[in-house]
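Chains as they are written, first to last, in the UniProt record's numbering: chain H, 1 to 454; chain B, 1 to 452.
Worth flagging that the hints you see were computed from the coordinates, not collected in a lab. Some hints here could point you the wrong way.
What the hints assert, rightly or not - Cross-link-like lysine to aspartate or glutamate pairs, in silico, EDC-like; alpha carbons within 16 Å at most: (1) B/Lys349 - H/Asp348; (2) B/Lys349 - H/Asp415; (3) B/Lys333 - H/Glu347; (4) B/Lys240 - H/Asp165; (5) B/Lys195 - H/Asp165; (6) H/Lys352 - B/Glu32; (7) H/Lys68 - B/Glu436; (8) B/Lys389 - H/Glu437; (9) B/Lys349 - H/Glu347; (10) H/Lys219 - B/Asp317; (11) B/Lys327 - H/Asp345; (12) H/Lys203 - H/Asp239; (13) B/Lys327 - H/Asp165; (14) B/Lys240 - H/Asp348; (15) H/Lys427 - B/Asp321; (16) H/Lys352 - B/Glu436; (17) B/Lys385 - H/Glu437.
Claimed, not checked - Computed from the model, here is a short list of chain H residues facing chain B with C-beta under 7 Å: (18) Gln29; (19) Asp165; (20) Asp166; (21) Phe167; (22) Pro169; (23) Trp279; (24) Leu280; (25) Ile351; (26) Arg363; (27) Ile365; (28) Asp415; (29) Ala422; (30) Tyr426; (31) Tyr433; (32) Arg438.
What the hints assert, rightly or not - Between beta-carbon pairs, the in silico distance windows are: (33) B/Gly429 - H/Pro450: 16 to 26 Å; (34) B/Glu269 - H/Arg231: 31 to 41 Å; (35) H/His31 - B/Thr60: 47 to 57 Å; (36) H/Arg182 - B/Ile291: 49 to 59 Å; (37) B/Asp220 - H/Arg344: 56 to 66 Å.
This structure is a prediction, so every number in the text was calculated from the model and none was measured. All residues carry an ideal CB built from backbone N, CA and C; glycine is no exception.
This is what each chain is made of:
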Amino acid sequence: MDGLIRQFRVAYAATNGEQLAETLNPDVQTHSAKLQAIWGRGDSRSMTSDLNFLFHQDQARLSIRLSKEETNGWYAIYTAYWKAVGEILAVEGLRGDAQSSWAKVYVAWKEVTLLTIRGYTNHDFENWTIPCLYVTGRYLRLYAMRADAERALSNDDMAVDDLQDDFDPQVEEHKSLEDCARHLNRIFQTCASDRAPLEESRKWGVYYAVNLLFKTYFKLNSEPLSKNILRVISAGRSDIPPIDKFPKSQQVTFKYYEGVLAFLEENYVEAEKHLEMAWLMCHKGAQRNLELILTYLIPCRLLTTHTLPSAQLLEPFPRLQKLFTPLARAIKKSDLQAFDIALRDGEDEFIKRRVYLTLERGRDIVLRNLLRKVFIAGGFEEAKDGAAPVRRTRIPITEFTAAVQMSSGETIDTDEVECLMANMIYKNLMKGYIAHERGTVVLSKSGAFPGTKV
Amino acid sequence: MSPPSDQQQQQKFDWPQSVRNYVQRTFQASNEISGVGREEKESRLKEIIRSEQEKGTMFTTNWDEMPLPQQLIQKERQQALMASVDPPTTQPKTPSSAVNSKKRKSSDFSESEQTNGSTVPWRSTKALSLEDRVSKPPNDKRQLMDGALTGKSKFQKYVEKRQRRGDGGYQSSYRSPSPPPPSGPIVGLNENLEKRYLRLTAAPKPEDVRPERVLQQTLDLLKRKWRKENNYNYICDQFKSLRQDLTVQHIRDEFTVSVYEIHARIALEKGDLGEYNQCQTQLRALYRAGIKGNPIEFKAYRILYFIHTANRTALNDAIADLTTAEKEERPVKHALNVRSALALGNYHKFFQLYLDVPNMGAYLMDMFIKRERLAALANMCKAFKPELKLRYVTEELAFESDAEAAQFIIDYDQELLQERDDHIVFLTGRAGQTFENARAQAFSRVDLKGQI
Chain H
1 MDGLIRQFRV
11 AYAATNGEQL
21 AETLNPDVQT
31 HSAKLQAIWG
41 RGDSRSMTSD
51 LNFLFHQDQA
61 RLSIRLSKEE
71 TNGWYAIYTA
81 YWKAVGEILA
91 VEGLRGDAQS
101 SWAKVYVAWK
111 EVTLLTIRGY
121 TNHDFENWTI
131 PCLYVTGRYL
141 RLYAMRADAE
151 RALSNDDMAV
161 DDLQDDFDPQ
171 VEEHKSLEDC
181 ARHLNRIFQT
191 CASDRAPLEE
201 SRKWGVYYAV
211 NLLFKTYFKL
221 NSEPLSKNIL
231 RVISAGRSDI
241 PPIDKFPKSQ
251 QVTFKYYEGV
261 LAFLEENYVE
271 AEKHLEMAWL
281 MCHKGAQRNL
291 ELILTYLIPC
301 RLLTTHTLPS
311 AQLLEPFPRL
321 QKLFTPLARA
331 IKKSDLQAFD
341 IALRDGEDEF
351 IKRRVYLTLE
361 RGRDIVLRNL
371 LRKVFIAGGF
381 EEAKDGAAPV
391 RRTRIPITEF
401 TAAVQMSSGE
411 TIDTDEVECL
421 MANMIYKNLM
431 KGYIAHERGT
441 VVLSKSGAFP
451 GTKV
Chain B
1 MSPPSDQQQQ
11 QKFDWPQSVR
21 NYVQRTFQAS
31 NEISGVGREE
41 KESRLKEIIR
51 SEQEKGTMFT
61 TNWDEMPLPQ
71 QLIQKERQQA
81 LMASVDPPTT
91 QPKTPSSAVN
101 SKKRKSSDFS
111 ESEQTNGSTV
121 PWRSTKALSL
131 EDRVSKPPND
141 KRQLMDGALT
151 GKSKFQKYVE
161 KRQRRGDGGY
171 QSSYRSPSPP
181 PPSGPIVGLN
191 ENLEKRYLRL
201 TAAPKPEDVR
211 PERVLQQTLD
221 LLKRKWRKEN
231 NYNYICDQFK
241 SLRQDLTVQH
251 IRDEFTVSVY
261 EIHARIALEK
271 GDLGEYNQCQ
281 TQLRALYRAG
291 IKGNPIEFKA
301 YRILYFIHTA
311 NRTALNDAIA
321 DLTTAEKEER
331 PVKHALNVRS
341 ALALGNYHKF
351 FQLYLDVPNM
361 GAYLMDMFIK
371 RERLAALANM
381 CKAFKPELKL
391 RYVTEELAFE
401 SDAEAAQFII
411 DYDQELLQER
421 DDHIVFLTGR
431 AGQTFENARA
441 QAFSRVDLKG
451 QI
């Protein structure tokens, strides 16, 4: 405790928020010795008297100025922190025979989180200490997920709200995380609703909180809630500090989620914009994050500008290479069958990443490329009197039917081919019209396949 | 603001809760200030309360904001101390920060520009120290005089105090976030086969709840009645109470699955999508828990349902729920084909699939067949020129007859059909935006009731 509070004083004297937040770090992997020292012999009376001494009697030695209110706030937080540390050490098997569970850790850490929030609402905590709020929120989320996983393993009776007509499967699976989301939302509200002048404002915590919320809501599969947050932010944009004033890590995270949300709404132009920003800003060593960004950026590009990823781009990402290269190759070769196979082979992963429904639309591009080949193979009409030669624009449906059958490896009737061609025209991938009765397609003399120089 | 005198009379006996809290806070150990004795506090406390009582402001004073007696004593002492050193200063009303905050308001933008590259405050000791030089000195002076105040603007203190007031109910609600856990599921004692559905507002009593043994007979009775009377309102009501009894007793077994499956089928038949969706949500969880039933049938419905509600995320999840083996089963395969046909705009394939739907999937497909016909017509009108035989439309869009197809088109525009010698033609070239607009409207009106 002594060491902890000393660290607290140093950080406080330096008004260094991140150093201060370090004092609340409960990470067993990196701080095992420190946490054990804090827990000591686990005697709550000696912990209380330590804290009493350090916060109340020993104030003379404090080179820092702490108001009564603040002292009370921090005192309560460290008391709760101490208890949480005890549970954490126990559940990790670092406290002799003591037993605990992630559910208990979650409850204990929730107390730390709530008291920290209270620090801002009731105990005059200043905004430079906001990293503390972030640290508590971050670990609250981790412990909530562990508590949920733990409950899924043990066959405990499910938590049923007896007043419901049916049980709620979502609650059952993510009980702790749903609870956690509510508290993270409180953190968000605490930051976003602060009306102090900007440099004193907790609004500097907004994007930290938002990113935690996004992660949580995505885990809970609740995009609508994420959209709500975006709406709140854009409504208050004028007084929330701009995103580019936040650390890059937060910027990248935010842009990534903003992009994915647009992606899931099929707003690919918007999605591309955000994802590209995330991509450009992301630390080049953050392989995993870069891979995640590309997972959505590549399908975006495929649909917005019909751009395929280069081999060079994919090279550092073997997993993406495996997923996207066969698709890209099929599109280039206008090979319907290869495309269908590539899509089927990657289906589980694509579905998991929620890009399947988007990638599927790449089939239009394959088909467009195929029909374009037929058009080019048709050659030119005989030029009249030295005029520039014109491509043959009246093409029998049967030629297209043959091409589609060859490319897809399936038999297909003319009606379906006409339907597919109608789609191409409808989507502006091909210009012209179908003369059904005559069994021909009449393509535009100029730019029959827009954007492909033909 | 002086309250009527009869109220004053009352004050002697009935102190407001806020005063009691104030007294309590005064003697709370955590609010102890060293050097201020109990007697001093007590006498000061009496003084304060008496003065408020005399002023008649007992009920209007904001006791939550009132400094504690010990704080007042401490402050006075410090002021006395300062007075002997400095020329007398009245308790500063922090003019500096008041001015500052006004300035900040008008110059918010330029200031944030100034800190360009410095980002969040705790990241940058530089920016903060710059700020320090400007605004901290007066604060420091204040600190000397009053340790209880920190370097915050008055404005912020005020805002926070207001928030705190609004936060009144918070403490109690966060100490016990949930009611005491129930001691386990109840066991029903009710022997009646039929029971009206009532939404629960309190924990159910065992005598109102039927045990599984009785519920099984109930289900048989309901199945018979449904076949005989076909009264959906009655049946739905009975099924809801049946489901409720299962839930409150935490019964989750194959019987539970069959109840939800049967209710789901009946709801489908009657087009009650809200109720159907509730059932399918339960079924999904029950199948995932490994309880036996007809997962193939219902997973296929689930896909068709989310096609209807145009819920991409849920559709994605529904596909994620499928095993490789399930994808090869005919109903599921059919539903997946419907989905991909629509995704690729392949109306030809879509309408062929519509003509051959396993189980009760057609009830679901009927929900969106009209809008897909409009989409296909919009498509055709843009691609086919100058006309199409009506028969072609009838066949492609799976109408039962030319007459039905004709009626469908005429409902939107009477000028689009023309009689020829031996057939009728659909003048696609003249349709313009008619079907495009109708399509857009149909897709914007997806009925989402009962959607979770």
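Give me the numbers of the hints this structure contradicts, sorted from smallest to largest.
-> 1, 6, 7, 9, 13, 14, 15, 16, 18, 23, 24, 27, 32, 36, 37
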